[in-house]
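First to last, the sequence lines map onto chains A and B.
Final position of the first sequence in this note's numbering is 259; the numbers increase by one with none missing.
Final position of the second sequence in this note's numbering is 259; the numbers increase by one with none missing.
Since the hints were made in silico from the structure, they are not lab data.
Among the hints, a few may not be true.
If several chains are the same, the list does not tell them apart, and a pair holds so long as it fits within one copy or across any two.
[What the hints assert, rightly or not] When the alpha-carbon atoms are kept at most 30 Å apart in a straight line, the in silico BS3-like pairs for lysine-lysine are as follows:
(1) Lys60 / Lys78
(2) Lys60 / Lys136
(3) Lys208 / Lys221
(4) Lys226 / Lys78
(5) Lys19 / Lys87
(6) Lys223 / Lys53
(7) Lys236 / Lys246
(8) Lys53 / Lys221
(9) Lys159 / Lys236
(10) Lys27 / Lys121
(11) Lys60 / Lys3
(12) Lys159 / Lys3
(13) Lys189 / Lys221
(14) Lys40 / Lys19
(15) Lys189 / Lys236
(16) Lys136 / Lys78
(17) Lys121 / Lys53
(18) Lys223 / Lys246
(19) Lys159 / Lys223
(20) Lys136 / Lys230
(21) Lys121 / Lys223
(22) Lys78 / Lys221
Protein chains: 2
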Amino acid sequence: MKSIAIVGSGNVGWHMAKALFNANFKICNCYSRNLERAKELAIEVNSRPINKISEIENKCDVILVAIHDDATDEIIKLLDQQFQGKIICHTSGTKPMVNNLQNNESGVFYPLQTFSRKGKVEFSNVPILIEGENKEVQNVLTEIASNISSNVQLINSKQREQIHLAAVFACNFTNHFYQIANDLLASKNMSFDLLLPLISETVNKVKSTSPEVAQTGPAKRKDQKTMQKHLNLLKGNDSLQMLYKLISTEIQNKNNHA
Amino acid sequence: MKSIAIVGSGNVGWHMAKALFNANFKICNCYSRNLERAKELAIEVNSRPINKISEIENKCDVILVAIHDDATDEIIKLLDQQFQGKIICHTSGTKPMVNNLQNNESGVFYPLQTFSRKGKVEFSNVPILIEGENKEVQNVLTEIASNISSNVQLINSKQREQIHLAAVFACNFTNHFYQIANDLLASKNMSFDLLLPLISETVNKVKSTSPEVAQTGPAKRKDQKTMQKHLNLLKGNDSLQMLYKLISTEIQNKNNHA
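For reference, chain A alone in the conformation it holds in the complex (with noise of 0.2 Å):
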């Protein structure tokens, strides 16, 4: 069993190494800046918390790099200069895979979910999509991957790009189209819980059917009188007026187009 050293205590490295060490994997280290956050971590999967890069293991065979993007080149370069022999990987959907390490070699194992802090993540159905700088690489983090989940997939840095860019309008935007329906709901002094079930259809249907199937509502019906009546009702919510526009406006085309 390969030995992991995680490096970010955030939401996809806290995640990430509790599957991991669920799998049974040895995490040798839970690395932070903030050194009480690698301690909450460390004692959730049994490793030793630390706030140095220089006070991981030697022994460790996997590092992976959970950390703000912004910051991933740098602590990949200087995780570079003081190991050598081992897979360094971050975890990024948008980066592209770190080329010319000098003495490491590089990969990316990007779990293609949503994490926050709290709740548990259900690892098995979770996307895992691997990268590595030779077939070796590849190997050794689809193994490590199909431990913790059964969908693990070789996926190069551009394929990631666009995966990571179609999962902002799938999640974060719907999301927030919950918070939007939430507070219009919330004016009137009704309760989000109404449209549960059908948000849960909603999901239902797209996954035994297609997207385009599954449309319905004002727009694919071309209902116009419905659709002003919505425009009236969003009166002085400029921003949401121009949304609701655009996209009864697509939705219309895509159906013109069908």
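Please arrange chain B on chain A, whose structure you already have, making use of the hints.
Below, chain B alone, put in the same frame as chain A:
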């Protein structure tokens, strides 16, 4: 047990008739302008298909009008001229309850769900939003609705139109974002299935917390570099770029006020 006539054999009429039939209501007639469609539904719910309003059986208690909003007022007026002593209600999210029926009583029976013709709908937790011109009508409709759903609520016309608007964001517009994600992936020969675990988790999170707590992603983190990268990837698609900017700005502003 009340006897119910269904006017309209579209998505809503279809699923409602089946749910009521399964709950042992007598579906006395299924009306559609197109007799063949009326027959298709009538066979499913052991009913008599008709394509003339006047042929609705006089012994029915409740007439459910589930047709296009634009035609609803006229059909309800016709029904009011030809029948008396019945409850006549529409199933629309946006239309107010019809007032001033001469010979019958008016109500609304609105199932808050997205219906496609194909596919089974589990009605038991679909919110059914009831309105009635008086207590008695409210009681009759609530009683009927309670036989097919455990989530029945009295909601007035003003509230219902706001709910319908919120539902467009939470269902129709999110589904359009699944479509956008689908197209972004398809353009690089990747499958939409890749995103399904993420989409499921996005909904799970909003069920157990709130959209505000559940929000993640570049805009939430105010990660300008990643947002700029995404805008570059969307070059050539002005409408998607505008959407991306609008929503990312909203998420960042929301975050400021939180």
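Okay, the hints, checked on the actual structure:
Proximity of Lys60 and Lys78 under a CA criterion of 30 Å is satisfied intra-copy only: 19 Å inside one chain copy versus 82 Å between copies. For a Cα distance limit of 30 Å, the shortest separation of Lys60 from Lys136 inside one copy, 22 Å, qualifies, whereas the shortest one across copies, 76 Å, does not. In this assembly of identical chains, the alpha carbons of Lys208 and Lys221 lie at most 30 Å apart whether taken from the same copy (19 Å) or from different copies (27 Å). Only between protomers do Lys226 and Lys78 lie at most 30 Å apart by alpha-carbon distance; the minimum there is 20 Å, versus 59 Å within a single protomer.
In this homomeric assembly, Lys19 and Lys87 come within 30 Å of each other (Cα to Cα) only inside a single copy, at 21 Å, whereas the closest approach across copies is 62 Å. Taking identical chains as interchangeable, the C-alpha atoms of Lys223 and Lys53 lie at most 30 Å apart only when they sit on different chains, with a minimum of 27 Å there against 60 Å within one chain. In this assembly of identical chains, Lys236 and Lys246 lie within 30 Å of each other by CA distance both inside one copy and across copies; the values are 12 Å within and 21 Å between. Within a single copy, Lys53 and Lys221 get their C-alpha atoms only as close as 56 Å, which misses the 30 Å cut-off; across copies the closest is 28 Å, which meets it.
Taking the shortest Cα distances, Lys159 and Lys236 sit within 30 Å of each other only across copies (15 Å), while inside one copy they are farther apart (41 Å). In this assembly of identical chains, Lys27 and Lys121 lie within 30 Å of each other by CA distance solely inside one copy; the values are 20 Å within and 47 Å between copies. Only within a single protomer do Lys60 and Lys3 lie at most 30 Å apart by alpha-carbon distance; the minimum there is 10 Å, versus 76 Å between protomers. In this homomeric assembly, Lys159 and Lys3 come within 30 Å of each other (Cα to Cα) only inside a single copy, at 28 Å, whereas the closest approach across copies is 61 Å.
In this assembly of identical chains, Lys189 and Lys221 lie within 30 Å of each other by CA distance both inside one copy and across copies; the values are 27 Å within and 26 Å between. When the C-alpha separation of Lys40 and Lys19 is checked against a cutoff of 30 Å, the pair qualifies only within one copy, where the shortest distance is 14 Å, while the shortest distance between copies is 57 Å. With identical chains, the CA atoms of Lys189 and Lys236 are at most 30 Å apart within one copy only, with a shortest distance of 15 Å there and 39 Å across copies. Taking identical chains as interchangeable, the C-alpha atoms of Lys136 and Lys78 lie at most 30 Å apart only when both belong to the same chain, with a minimum of 22 Å there against 73 Å between chains.
Taking the shortest Cα distances, Lys121 and Lys53 sit within 30 Å of each other inside one copy (28 Å), while across copies they are farther apart (57 Å). Taking the shortest alpha-carbon separations for Lys223 and Lys246, both the intra-copy value of 12 Å and the inter-copy value of 26 Å come in at or below 30 Å. Taking the shortest alpha-carbon separations for Lys159 and Lys223, only the inter-copy value of 23 Å comes in at or below 30 Å, while the best intra-copy value is 37 Å. Taking identical chains as interchangeable, the C-alpha atoms of Lys136 and Lys230 lie at most 30 Å apart only when they sit on different chains, with a minimum of 28 Å there against 58 Å within one chain.
Proximity of Lys121 to Lys223 under the C-alpha cut-off of 30 Å is restricted to the inter-copy arrangement: shortest distance 25 Å between copies versus 42 Å within a copy. For the homomeric pair Lys78 and Lys221, the shortest alpha-carbon distance between copies (27 Å) is at most 30 Å, but the shortest distance inside one copy (51 Å) is not.
Going down the numbered hints, you'll see the structure goes against none, and every one checks out.
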